[in-house]
Every structure is written in structure tokens, then in C-alpha cells.
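Please arrange chain B on chain A, whose structure you already have, making use of the hints.
The residues making up each chain are set out below.
There are 2 protein chains.
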Amino acid sequence: MSWEDNVRKVTPYVAGEQPKKENVIKLNTNECPYPPAPGVAKLAARMEWDRLRLYPDPDASVLVNALAKYYHVSPKQVFAGVGSDDVLSMAFLTFFHGGKPILFPDITYSFYDVWAELYGIPYKTCALDQEFHIRPGDYRQPNGGVIFPNPNAPTGVFESLDVAEQILMDNRDVVVIVDEAYVDFGGESALPLLKKYDNLLVVQTFSKSRSMAGLRIGFCIGSEKMIGYLNDVKFSVNSYTLNLPSQILGAEAVRDDAYFKSVTGRIVATRERVKGELKKLGFSFPDSRANFIFAAHEAIPAGQIFQALRENDIYVRHWDRPRISNSLRITIGTDEQMDRLLDFLGRYVAGYGKCGASRIHAGT
Amino acid sequence: MSWEDNVRKVTPYVAGEQPKKENVIKLNTNECPYPPAPGVAKLAARMEWDRLRLYPDPDASVLVNALAKYYHVSPKQVFAGVGSDDVLSMAFLTFFHGGKPILFPDITYSFYDVWAELYGIPYKTCALDQEFHIRPGDYRQPNGGVIFPNPNAPTGVFESLDVAEQILMDNRDVVVIVDEAYVDFGGESALPLLKKYDNLLVVQTFSKSRSMAGLRIGFCIGSEKMIGYLNDVKFSVNSYTLNLPSQILGAEAVRDDAYFKSVTGRIVATRERVKGELKKLGFSFPDSRANFIFAAHEAIPAGQIFQALRENDIYVRHWDRPRISNSLRITIGTDEQMDRLLDFLGRYVAGYGKCGASRIHAGT
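Protein sequence lines, in the order shown, are assigned to chains A and B. Sequential numbering of the first sequence, starting at 6, is according to the working numbering. Sequential numbering of the second sequence, starting at 6, is according to the working numbering.
Chain A with its partners taken away, still in its complex shape (with noise of 0.2 Å):
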């Protein structure tokens, strides 16, 4: 007997590679490539760090209170964690508890099913049809919850209010929760479904859209009971979560939604203009509405294609799995950095087949 016999052992997830070298184009974690609202920094600039001595406030309030009033609800709606992975974590282990599987899509966020192994909620996974669409009438089966990410991830692909909705009337005896990760990008909120549906719990983060990866931040708003069961949980996990810096550059960034719109619009110009490029050089993908694209080559293995960008310093994502294998997962970055990658793939498609094409650099 030794105490690793009673060691849980699991698989962890994964994320996208954060490569330690410099002048990286880093197109492989759907970070933004603008920076945050300009107020962030300088309000950091006159924090009283002398402040930092004491424990921040374990509710979170001004962050909350910031976010209760941009979305129209009450902050006891409203709850915040260490971004969205950590709200869905916690989400996991306070809804998933009745022992009946969960649903969600087979091609998706690639979090849900570690969550499971870690916590033990049973799942199933449903095949989303060939153009990367939900069936909604697949979630019209015995289960114990439902997740799925609208838009979707990997994919891009958005479904319409009106299958949020058909989903949530079918279930209405479990918590059905909505990631929306990436629905700031030109996809529409389910939260207006909140009115009708108190089982429904919408999770969002600053990571994309709110250019705040490096400060961790997500949040998710459901009804105040909900909210209510996740607050228990999260004060039988840890009292503060967010720390003082999150919380008081977490609402700066709220304020500024003028800034917000300017960042997401940017970048959804930017992702209609990189579609119409790629098509050209012989790419397809389902029609993204989020801050990346999921594209694959009519001719090029998509393994090959990320080998050769890894080599020219372009870094996206890809993944060899199940039906998936083939497509390459491209956040969408500047102008500049997305000129340079369709510079270098537009080399690389035409040098295809031809002696030495994966030496190809990226110049400049």
C-alpha cells in the first residue's frame, strides 16, 4: 500500500501551446490582439497596491455590481470566477450532481468531458449533422444537464435563439447551461431567454472580447437561485477568488463599452474580410461567428499546413481527433498579423507539392 493508491489520477485538458519566444504570431488561443480599454491601464497606474495587504472583497461586488447593471440584471444574478473555465468547473460540480449523464455536443469545447471525469458526472455526446450543426431533437432524451457553446468551439458556428430555446423547453428539470465564450463576435446573447427559463445559466468571459486573458476573469448569470447553489459551492471551495486587481480592472473594462464595440467590431471586419482570402487560396469552413476559423484545405493535410506555420513562427490550432482532424483553428488577429499568414499560406498552397514548399519562411 502507498499513498498514491489514493491518489485521484486524470487526464487534464490541454490548452493551446503559450510559446515563451518573442515575435510569435499567436493565432492558436483566441486571445485579442487589442489591447484593454485604455482606462485599465491607467487605472492600474494609480492603484493603491498598499490595498493588496488585505483580502479582496469575497463577493466581488464592484466587478458584479458593473456587470449586473451593463446586462440589465440583478447582481444576485450575477456570478464571477476565476474566468470562464473556473465558473463552469464549479458550474459542474453544483448542477451535474444527479447522477444521470449529461449531454452535450461531440465536437465541442474540449473542457466538458475532463470536467466530467474529474467530478464523476456520467455523459453522453451528441453528433452534431454534417455542417457542424446541433440536432436539437438529440437533447430530447433522459438527462442529468446540458452545456453546449454558442457559438460553438471549435467550429464557429452559431445556432439560432430559436434551438437555445427549443433545447431549454425540452428540459425543463435540468440546468441547462449556454457558453457563450465567443458571443460577442456577432452572435446573440440567450439571456433574454433568462424571463422565462430559470434552469438556463449563461456563462461569458473577459478573455476574448474583453481583452483580459492575463487578469482571469468569467462570469455567468442565471436566476438567483441558481446563483445562489453556485455562491455555496464556490464559499466551500475558496472565499476569494478574484483578486484585487481583477475585481477593480475587471469593472473598468465593463464601463468602457464604447472601446468594447470598437475591439469587436475591429475584429469581426477583420474575420468577413480573412474568410474571403481564404476561400481563395482553396480553404473551406463553416461560417464563423466568433473570433476565429475553422478552416480546412481542399488539397493540404491541415497537419501539414500547422507543421510548416509552427516553422515560420504562425501559431494556430489543430487537433487529431475524430472528424475534426482535418481543419486548423485560426484565431483571428490584426490586420497585419492575418496579411502575413495569408501571405505565407498563399506561398505555401502555390509551392504545395513542389521540392522543399514547407521551408517557405514568412518574411516580414
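Identical copies look the same in the list; a pair holds intra-copy or inter-copy alike.
The calculated DMTMM-like cross-link candidates involving lysine to aspartate or glutamate, where the alpha carbons are at most 25 Å apart (straight line), are:
no., residue 1, residue 2
1, Lys200, Glu9
2, Lys47, Asp62
3, Lys284, Asp348
4, Lys74, Asp262
5, Lys14, Asp111
6, Lys105, Asp118
7, Lys14, Asp325
8, Lys266, Asp55
9, Lys14, Glu122
10, Lys47, Asp262
11, Lys26, Asp55
12, Lys230, Glu22
13, Lys105, Asp175
14, Lys14, Asp118
15, Lys81, Glu193
16, Lys105, Glu122
17, Lys25, Glu229
Simulated from the structure, these hints should not be mistaken for laboratory data.
For chain B alone, kept in the frame of chain A given last:
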């Protein structure tokens, strides 16, 4: 059937009150009365806040490396989290998975049973002796793991390393966690025992001795194998837990050892002086080696003193629980804060029993 039937219902830990009003004397959550190392605010002032758009290093390498260097261990032996509560919660989830009851003292950090309940870990408490000391023989029984704080909370009692080693020797086949949140105020760390025991995990925090409760940093040190298992669970919960400010500013705090020693030295000096003064006022307490004193008065019930202090904007901590309901946990603040506390207590004790005694004001 309702979605609420699937909810995990728990009774959360109740942290000390974080009063929102200003100018209170806050001696209730064991924070440090002095600011973080001066380099912290300087570094914050020149941080590139635009970097917040990117995810932080998932391994928190800059912080982990600083800690490894400071404690003369390999970075692979160090794990950092969002306060020691995050570290402890992960450790419970990872190492106490054997199904047998874990053991901890009956009077101890009151989060232990909350984590055990949350994660479905059976537990058994072992009664401290009359002087609030651990009886090592109690831990010589079949179990699924052991955890105890040293110094203990809320008593402040320190056990010699002989006691820790005795418990380790008797429990080679389970993980033994020594929770050293308060070790820097005159205790002795169990870290040297790591050379002999690969089942030992030592947990510490930046919230007390490093004046950084507001940043939320905790860490633990153990064998490489143990830290590996812990990381597998951590990466199954949330890839990025420590945000950029925590990593950068936390590492800076570790570097300024002279400041750290001066702050902890001042707190110890104040504590020893306050011990003498409290005794003169009729208080008794186990000898504390932490940044608090767990004091009971010979004549006045703790609950009454607690209320009187609170009405005069002096916050200490009181638990209405068996064996400890007649004691107050008083955090060591600045000398000036402690003088105001002692001044109030002097007048309160002198006037106790006379009309209106509880209305005495603390004055300035």
C-alpha cells in the same frame, strides 16, 4: 422533478467579516498590518498592462521559480494556487481519494470539514489535549490521509517537528499535509522533512506574512511525483489560475527577503508585548507562534467582549463552537492598533458589571 433535485447542496465555510466601512480596526482575518514589499508597488507602476490581453503562463513559472530558489527545492516540487485555500482544496481533491476517513484535529481550520463534505471525503477528528496540543498517537489508526496546521488555527499552538515526524512515520502510506499558513511568525517549517518523506506536502500562503491577501497566492512544496499529480488535477479544473499580476508581483515579494524578515519580526515583537498586556487584564491563552492570540477572559464571556469590541469598530473573531466558544482570536496589528485595543479592553474590563459598561468607546 425539478432542476434543483440535481444540485449539490452544501454548507459553505464562513470567512471572517470583511467590513465595508472605513476606519475600523480590523483584527479578524489575520491579515498583515504592513504593506507588501516596496518593490511590489514600484513594479506594478511600470507593468505593461497591455499584456493582459494574453493568457498568463499556465505554469506560473516566474513565481514557482522564485519560490523554488528561496526554499532550495526544484521548481518541479512547487505548486502555486489562488491562495492556500485553492491549493488545499486541490490537494483534498487529489490526495484524499482512497475512501478511508482522513484525520485532522477537532479544533482546527474550519475549512477542512467543508472541503471533505464537498468532495465526499469521509473524515474523523482527533481531540486536542487540554492545552490544545496534538496527541500524535491519535494518528496511529487506519486512515486515508492526515492534515493539520502548524501552528494550529485558531489556537496559535505550535507543535515541534518531532510531532510532525512522528505522524509522518506512522503514516507512510497516505499523504500527510502540514498547513503552514502561520509558520513565518516563529514556527519551524516541516520542509526539511521532505528529504525523508515523499508523502509530505507543506502548504504556505502569501496572505499573512507576505502582506498579499489581496493578490490571492498560496503554494505547496512536496515530492516531484506528488506535485505532478496535483498539477494533473489543477489542469483538469482550470488551465490558468494565477493571473498576470499575481505571478509578477508575487515573485517580486519573494525576492525582498530583508523586508519579509523585518515585517514578520515586527509582528512577533508586537505579539509578545501584547501577550504581557493581555495577561495583566485577566486574559489567558495558549502560547501563540502565529500572528494572532486566542484569548479567553477569566470573568467575561468572549461573546460579550466580541460584541463590545465590534460596537466600537474593533473587529476580532469569535466562534460559538464547543471548546472554543469562550475565546477570541485577535490578529496582531500595528503597535498603534494594539494599543487602541488594549486601551479599550482595559476600560471595558474595569467597568464590566457596572451600568453601561458595554457602551465604552475606544477613543482615539
